[in-house]
Every structure is written in C-alpha cells, then in structure tokens.
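Dock chain B against the given chain A, drawing on the hints supplied.
Residues per chain, in single letters:
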Amino acid sequence: MVEKVGPTPPGLDPTPLDRVIGPIGGPAEAGVVLSERRHWGKLVLRGEPDDKKFITGATKALGVAPPSKPNTAATIQSTAIIWTAPNEWLVVSEPGTEAALESALESALAGTHHAITNVSDHSTIIRLSGTAARAVLAKGCAIDLHPRVFGVGQSAQTNLAKAQVIFRQFDEMPSYDILVRASFAPYLWAWLTDAGLEFGVRVEG
Amino acid sequence: MLLIDCPWCGPRDDEEFHYGGEAHILRPRDAAALSDEAFADYLFMQQNPKGPHLERWSHNHGCRRWFNMLRNTATNEILEIYPMGEKPKTEAGQAAYAANWRRETAAEKNALSGEGS
Numbered sequence: 001m002v003e004k005v006g007p008t009p010p011g012l013d014p015t016p017l018d019r020v021i022g023p024i025g026g027p028a029e030a031g032v033v034l035s036e037r038r039h040w041g042k043l044v045l046r047g048e049p050d051d052k053k054f055i056t057g058a059t060k061a062l063g064v065a066p067p068s069k070p071n072t073a074a075t076i077q078s079t080a081i082i083w084t085a086p087n088e089w090l091v092v093s094e095p096g097t098e099a100a101l102e103s104a105l106e107s108a109l110a111g112t113h114h115a116i117t118n119v120s121d122h123s124t125i126i127r128l129s130g131t132a133a134r135a136v137l138a139k140g141c142a143i144d145l146h147p148r149v150f151g152v153g154q155s156a157q158t159n160l161a162k163a164q165v166i167f168r169q170f171d172e173m174p175s176y177d178i179l180v181r182a183s184f185a186p187y188l189w190a191w192l193t194d195a196g197l198e199f200g201v202r203v204e205g
Numbered sequence: 206m207l208l209i210d211c212p213w214c215g216p217r218d219d220e221e222f223h224y225g226g227e228a229h230i231l232r233p234r235d236a237a238a239l240s241d242e243a244f245a246d247y248l249f250m251q252q253n254p255k256g257p258h259l260e261r262w263s264h265n266h267g268c269r270r271w272f273n274m275l276r277n278t279a280t281n282e283i284l285e286i287y288p289m290g291e292k293p294k295t296e297a298g299q300a301a302y303a304a305n306w307r308r309e310t311a312a313e314k315n316a317l318s319g320e321g322s
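As they're listed, the protein sequences go chains A and B.
Take the first sequence: its position 118, counted from the start at 1, is 118 in the numbering used here, and no numbers get skipped.
Take the second sequence: its position 50, counted from the start at 1, is 255 in the numbering used here, and no numbers get skipped.
These aren't lab readings, by the way, just hints derived from the structure by calculation.
Owing to the predicted nature of the structure, the values given are computational and were not obtained by experimental measurement.
Note that beta-carbon positions come from the ideal geometry of N, C-alpha and C, so glycine has one too.
Check the hints yourself; a few may be wrong.
Calculated lysine-lysine pairs in the DSSO-like style (CA-CA distance at most 30 Å, straight line) [claimed, not checked]:
#1 292(B) <-> 314(B)
#2 69(A) <-> 292(B)
#3 294(B) <-> 69(A)
Not close to chain B: a few residues of chain A, all C-beta gaps over 12 Å, as computed [stated by the list, open to error]:
#4 14
#5 112
#6 117
#7 122
#8 159
#9 164
#10 174
#11 197
#12 199
The shape of chain A in the complex, shown without the other chains (with noise of 0.2 Å):
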C-alpha cells in the first residue's frame, strides 16, 4: 500500500514530494544531485509590455524589469522573473516573501491593467544540478541544450518525459530549477532518480 503521508522532516510544512523523496544523500561523485526547492513563492504577473507605467511598476516593485524576451528568466537575488508568454511572467521568490511581494506589486500597479495571482501551492520546484545534469535534463525533452543555445539566464516551457514543466538554467555547472504541477511531481522525481541512475544521483535535503 502506498502511504499517503510521507516523511515531512520535523519542523516543516509537507510537500507534494515528502512521500516519495528517499533517504537524503548518495555518492560524491555523483553526477545527478537533486533537491527540492520546499515551498517557494510563486506569482503569475499579467500586464501590458507595451504599457510604460505596467513595466515602470513592475519594475520598481520587483528591483528588475520583467524579461520582454521569450525564453528567458531575469534574476535579482533569489528571485527569479520567468518570461511564460507576451503578457505574462511568474516571480518565483524564497519561501514566505510571496505575500509581502504581492502587496508591493499591487500597489506599485495601481492604476495599470494588470494580475496578479499566487500560484504558489500549484507546483513545486525541483532542482537538477551536477555534470550530467544536461545529459538527464536532454532525454525527457526536445529542447536544444547545447551551452551555446541554452545557458544562464535561458529559460523553457516545454514538456519533459510527457509532463508539462517549466524550466531555467541558472549556473554552469549546469543546474536547472524545473518547476512542475504537484500532482504530476512525484512522478518526474522518479522519471529524474531513474533518468539519472548511469550517472549516480545524490539526494539532497
């Protein structure tokens, strides 16, 4: 029988990957480390981009414009601003500074044609990271992640091995946070732990 509740680490919040993440650790070596990013703040923004006062706002509620180039993610701190469509971004912030960054855009946007809608508990992050990290990230998906077309700062809304993600490359190494539904995230995690089995995956708290 499958439990229904898993192992939340004492003092947290349960997440939809607490049942099936297993025990924290592996190799060194290994060329696959994953994580999940617990509880992270999610924010769909919609406005004009042709709209000055929309982007002016956005910007000074934000610290960075929003990116009006596709595929493509502005960061300031932890905080990264994901290009999802024309009109469209999600701000994905540390945990619990969702509500505060709502207000701030709310009031920065006051006035302008814009939403904005928390979205923080539809989906979590996972984080793919190591040597082989493009390797596993390239058999689920038909995204070209060759360094020269995807790097840092690039970002993709796209489907990997069949479920509907969104992800951005964030460092060299190369890591990769994929944002995914909560309901079809435990079965990525173990499409990942399986797609990075050949490399050695370790598991992070």
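Frame of chain A, contents of chain B only:
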C-alpha cells in the same frame, strides 16, 4: 513528428501544440438572415484539401498563444506561419485562401457585409 516554429518560443516539438482547425472562418453578422443550409456551411462544413491548408494552431504547452499556419496536408511541409487576425503573405498562402470554397458562401458574404462602412 513536426518541428513547429512558434512565433514566440521558436522551434518546438509538435506534441506541445494543439490543432485548432481551419483558419479564417468568419461568424455571420446577421445569422437570422441566413438559410439553414447557408448557416450549416459556416458551422459544420470544413475544407479538407490534399495540399496547402490554412489552419490555426496553439502552443498550449508553451506560451499558449494562437497563430495561423499554412501546412501541406499531403507532405506535412510547413509553408508559412503568420499571426492571428492577418491574411497569409506567401503566394501559396494567398492561393490557398482564394481557392477555398468558403469565399463564395452566403455565410462569409454575410459576415463581411457592412465591413469598411
């Protein structure tokens, strides 16, 4: 497998896309003035050519935007991709647009009546 060049996201696998049927079907302005047969032309009848076909697609696993595509249904060759609300610009696209039986239907004439006035 098709490699479809999304106007926003660039070349992507066809499994990310959703097919939206024939493009350039205009809703009649005054549907009550049309006979049942003429309204059925608008509502039910679709072109099914062997060759260039103007159709709508949506990148629904990506940016979720709609766009128009000219695709050869016999070879799957993608001949043109152009934005919603516009007409094809290539010669093949304009020929496919003009050759569509729908251009002559009472439903389309009804839809276009009063346009530009």
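The hints, checked one at a time:
Our distance criterion of 30 Å between C-alpha atoms is met by residue 292(B) and residue 314(B), whose separation comes to about 17 Å. At roughly 26 Å between alpha-carbon atoms, residue 69(A) and residue 292(B) fall within 30 Å of each other, so this suggested pair holds. The hinted pair formed by residue 294(B) and residue 69(A) meets the criterion: a straight-line CA distance of about 25 Å does not exceed 30 Å. Look at residue 14(A): its CB is around 28 Å from the nearest CB on chain B, clear of 12 Å, so calling it non-interface holds up.
Residue placement check: residue 112(A) keeps its beta carbon more than 12 Å from all beta carbons of chain B (closest about 22 Å). Chain B leaves residue 117(A) outside its interface by the beta-carbon criterion, the shortest separation being 15 Å against a cut-off of 12 Å. For residue 122(A), the shortest C-beta to C-beta distance to chain B comes to about 15 Å, beyond the 12 Å cut-off, and the non-interface label holds. For residue 159(A), the shortest C-beta to C-beta distance to chain B comes to about 6 Å, within the 12 Å cut-off, and the non-interface label is violated.
Not every CB of chain B is more than 12 Å from the CB of residue 164(A) (nearest about 5 Å), against its label as outside the interface. With 12 Å as the threshold on Cβ separation, the claim that residue 174(A) sits away from chain B holds: the shortest Cβ distance comes to roughly 20 Å. Interface exclusion of residue 197(A) from chain B stands, the closest Cβ pair being 25 Å apart, more than 12 Å. Look at residue 199(A): its CB is around 24 Å from the nearest CB on chain B, clear of 12 Å, so calling it non-interface holds up.
Hint compliance for this structure: hints 8, 9 are broken, all remaining hints hold.
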